[in-house]
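Asks: Produce the entire structure from the sequences given, and follow the hints as far as they go.
Here the protein sequences come in this chain order: A and C.
The first sequence runs 1 to 341 under UniProt numbering.
The second sequence runs 1 to 341 under UniProt numbering.
Read the hints as simulated data drawn from the structure, not as lab findings.
Among these hints, one or two may not hold up.
Note: identical chains are not told apart, hence a pair may lie in one copy or across any two.
[What the hints assert, rightly or not] Only pairs whose alpha carbons sit at most 25 Å apart, straight line, appear in this in silico DSS-like list of lysine-lysine:
#: 1; residue 1: Lys268; residue 2: Lys318
#: 2; residue 1: Lys76; residue 2: Lys268
#: 3; residue 1: Lys76; residue 2: Lys108
Number of protein chains: 2
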Amino acid sequence: MHATLSEGVVRAGRQAREQFYDARGYGRTDGEDIVLAPVEAAHLLFRGDLDSVDDMDFRAFLASATCPDLHFLVYKDLRDRGFYLSPAREDWVDDPAGADLVVYPRGKGPWDDEVAYRVRVVSERATVSADDLGDVVLAVVDEESEITYLDTDRPDVSGTTNYEPPAGVTGDLLDDRVLLWDPPADLFQHGFYGQPLSGDGEEGSIDTLQLSLVEAAYLVRHGVLDIDGGEQAVLQCGREVEGDRFDRRLRVYAALRERGVVPKTGYKFGADFRTYADVESVANLTHSELLVRVLPDEHAFAPRDLALDVRLSGGVRKRMVFALTGGDGHISWLEAGRLTP
Amino acid sequence: MHATLSEGVVRAGRQAREQFYDARGYGRTDGEDIVLAPVEAAHLLFRGDLDSVDDMDFRAFLASATCPDLHFLVYKDLRDRGFYLSPAREDWVDDPAGADLVVYPRGKGPWDDEVAYRVRVVSERATVSADDLGDVVLAVVDEESEITYLDTDRPDVSGTTNYEPPAGVTGDLLDDRVLLWDPPADLFQHGFYGQPLSGDGEEGSIDTLQLSLVEAAYLVRHGVLDIDGGEQAVLQCGREVEGDRFDRRLRVYAALRERGVVPKTGYKFGADFRTYADVESVANLTHSELLVRVLPDEHAFAPRDLALDVRLSGGVRKRMVFALTGGDGHISWLEAGRLTP
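Replies: Printed below as a string of structure tokens:
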């Protein structure tokens, strides 16, 4: 069977319509005929269902750059997995913005009303702006043409931790932390602020509690902790090493605390924070649920780094969340996770 | 027992010398007396072995900034693990450059001639220049004052793969890859170049082989592959998305191939390449040994990212190697791995 290319789409007659659209969900109808997007035509050429498009065979059609090769690879992979799908063209699907392909639930097709995934196709080699994520599945094609699917979402980050630290705590600011001497034991045991200098501190009193600079800055700002030089001294100490990053992390730390979530360092997982949604006491701590990485909201992700974060968070059974901080103080939350369609 | 601080060191008399140096490896002798580095004095104050230094107790001594708090935490941790160790001061130890602490093998001390680890202390929050790594153990103190040890090394990267691809292969350059039609099957099956478009290609002929742009650029440069536009067309295509990074990756790809090591994409592990040291045939492929991340040689590592790479590579039983590319074409190899002292 042969088809023709005009104005960026491939056209074929009634037999093609029956065979491709009615039976297998390719293209859109145009009266008695069928209109195919280039990626669909490429797939039909690859399978041998179409013999040529304007005298081009599969090789010539791909080489003609009519169809991006990445789109073809993802389209083929999703077809191989048993899905019907459509290119996200204006007038072909609802809400095409930000997506390249719209995938229907298994057993459904373009004539139904349901969508399983909105897919954006991206090369391992390119970067993806954080703005473009949150309501699409990222199909990352690696250099060897293998495809990894990353689902992205805008999660609600909140918890039920409810602890009000007492005022009147004092501490010494050192190079990189604040030491509290004979602090209220609750500050650690219920609030999960700091880390005892020795021993596990889960019972009885605590001799010396070490606070991170972020924890200290938060507690000074909230009138709990007094330190020589006040909030400015802690901020200055934090910014000395980290610059603006310290302020971004502090902002996210405060936002998490205000949502009832306890952030602790995520260093061991390569993140800024790991978080606990419901701390009643440190002695009965549950598994931490989220890994949080703090980034400026104009950040562009290298798919390689995104894959690394997602892979590691999956390996430790936590959800990977990015806190994207804007210049105006706004924080938006972005989640990424592995998807097997 | 009391001691005095002068010119950056802490001094005490004969009894201290016997108790601290002779019995437990603190400080250096100075005639009948002992000279202690501030971090050693801080540890003795913390333990209550020293009562004061110039009337300062442990709290006052730490707050006086005589001793960096990070150094104290690492010193204490290594003592807790049963090691004797010395600050890496000029005249105290051989080869102090780049290290903060020198750790003796268990059961040995400063009066012996052996060194187990040279340790550099760094905050989770600071960055570490690649230049400073390769012959030290990095002790990273996280915000909660927990310590992770990362060993760094300058590995010999080499393998025994020995395959000469035939000349006269042709291909089509697409957006992001090169397609070879009816290529010599050996190119994939023995050389492990590319990835078949469909099927596993491990037996018999291959209809279509997909090469990454890096593979294609390498094969064009070596006179194996002919493509319209030649090497420049491939380079241009690679640089379009990646800029200089493409050239760095290509240089490392070529260096690995020339050392008998086969690089394939490391995307799934968040790296640039995974490598196989000894490929005889793809059908009998062994486990890949290294994950390679390509970085400019002036790169400064965030300990968080380093920990992430090391953790993931350990999880998949591969060694993490950084290929540091210099402006002059030189590549130096840096390995990082988790260490439990």
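Asks: Run every hint past the structure and note whether it holds.
Replies: Hint check results:
1. Proximity of Lys268 and Lys318 under a CA criterion of 25 Å is satisfied in both settings, with 13 Å inside one chain copy and 18 Å between copies.
2. For a Cα distance limit of 25 Å, the shortest separation of Lys76 from Lys268 across copies, 20 Å, qualifies, whereas the shortest one inside one copy, 39 Å, does not.
3. In this homomeric assembly, Lys76 and Lys108 come within 25 Å of each other (Cα to Cα) only inside a single copy, at 17 Å, whereas the closest approach across copies is 64 Å.
Violated hints for the displayed structure: none, as all numbered hints are satisfied.
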